[in-house]
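Number of protein chains: 4
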Amino acid sequence: MQKETIERIRRFTEDRDWDQFHSPANLAKSIVIEAAELLECFQWSDTDFDIQQVKEELADVIVYVQDMLDKLGLDADEIVNMKMDQNEAKYPVEKAKGRSDKYNKL
Amino acid sequence: MQKETIERIRRFTEDRDWDQFHSPANLAKSIVIEAAELLECFQWSDTDFDIQQVKEELADVIVYVQDMLDKLGLDADEIVNMKMDQNEAKYPVEKAKGRSDKYNKL
Amino acid sequence: MQKETIERIRRFTEDRDWDQFHSPANLAKSIVIEAAELLECFQWSDTDFDIQQVKEELADVIVYVQDMLDKLGLDADEIVNMKMDQNEAKYPVEKAKGRSDKYNKL
Amino acid sequence: MQKETIERIRRFTEDRDWDQFHSPANLAKSIVIEAAELLECFQWSDTDFDIQQVKEELADVIVYVQDMLDKLGLDADEIVNMKMDQNEAKYPVEKAKGRSDKYNKL
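Residue numbers (my numbering), protein chains in the order written: chain G, 1 to 106; chain R, 1 to 106; chain X, 1 to 106; chain D, 1 to 106.
Worth flagging that the hints you see were computed from the coordinates, not collected in a lab. As the structure is a computational prediction, the values presented were derived from the model and not from experiment. A portion of the hints provided could be inaccurate.
Since the list gives no way to pick one copy over another, a pair counts as held whenever it fits inside one copy or between any two copies.
As the list claims (entries may be wrong) - With a Cα cut of at most 20 Å, we get these calculated DMTMM-like pairs of lysine to aspartate or glutamate: (1) 71 <-> 94; (2) 3 <-> 85; (3) 97 <-> 7; (4) 3 <-> 77; (5) 105 <-> 17; (6) 102 <-> 70; (7) 105 <-> 94; (8) 95 <-> 75.
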């Protein structure tokens, strides 16, 4: 996201004095809750979904993810690159290509 | 995230020919599944958590969120700003300050 | 479930002195975490799943649900019948038959 | 649950012709979605929750769990006892007593 969008998310919390509620545990709950609302868009059909609803719920997930990064002083690029190192090692192209199996079943 | 990190996520999927598994519904499931693994870091304690584990699970959430943005051709800044417009309207500072109530209870 | 199975679940917790960890909030987290592991059985395919894995994860959900009923002194029959009263009112047969729409869209 | 309550759940689905939507995958999604609504009762506080809301959401989880048992022809007592065998082996009293650690960290 652009710096301005991130700043907007931070200001929203700050202006409402909501940092007090943003413990890492509460933010983890919030991410799951919003992720489940996103899943609800696909509850009874994989293909017939309301894209506007999807956008709103996905945005909610992103906002709480940003709140958690901020709360813990984490950098998205750093942790994602660290995790991608692991993923690339666990799922070598020659083994994983075209297969959805978990790494321990490859 | 920086363009390179996003490109790395895309290449990872592309190299493994995994786009075929990335239906929006499957990605929504994946986001919830990873979000719940993040929550597992806080299952029995809100304060005594393994920060390395948190980083890895949070990164997994971010990766699947990026996959979903890509799959649906969405822009994170656009949908987050659209949602923040709604959030700011639903939670006016003067009403919401210092309160964790849901907007329909303010 | 039969009384013996419920008693076995209770004894398991008691013998391990785990009641101290079973706050309603922690049990709610636990139910989501296990429910997401159940969903993982269907992450990439709706039809090709490991039934043994499904049984184990579904059992985990049931165990934590029982723990929560016990913790809050609730009776499954009572709360389910209370909720079914609501569901039957919200989804009248003549409106809901053969439709997966949410009650507010019927 | 009593036989009548289980029958009521089955009749509810049958009367509405909803079995067509109850694929195992859709029911797994539904269990997570309701479990996350249960968690929402504890989103910002572990102790200050609305018990009526908790009852309703917990009941929703139970109903979908029953739907899944029915769909897959499973018996709650059987799968729970099978899982409790595993749990008792993974968490021996002498090791697990008073500790919330996962079995692989005991």
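Hint check:
| no. | hint | in the structure |
| --- | --- | --- |
| 1 | 71 <-> 94 | neither (39 Å within a copy, 24 Å between copies) |
| 2 | 3 <-> 85 | between (26 Å within a copy, 17 Å between copies) |
| 3 | 97 <-> 7 | between (39 Å within a copy, 18 Å between copies) |
| 4 | 3 <-> 77 | both (14 Å within a copy, 10 Å between copies) |
| 5 | 105 <-> 17 | between (47 Å within a copy, 18 Å between copies) |
| 6 | 102 <-> 70 | neither (31 Å within a copy, 22 Å between copies) |
| 7 | 105 <-> 94 | within (14 Å within a copy, 33 Å between copies) |
| 8 | 95 <-> 75 | neither (31 Å within a copy, 32 Å between copies) |
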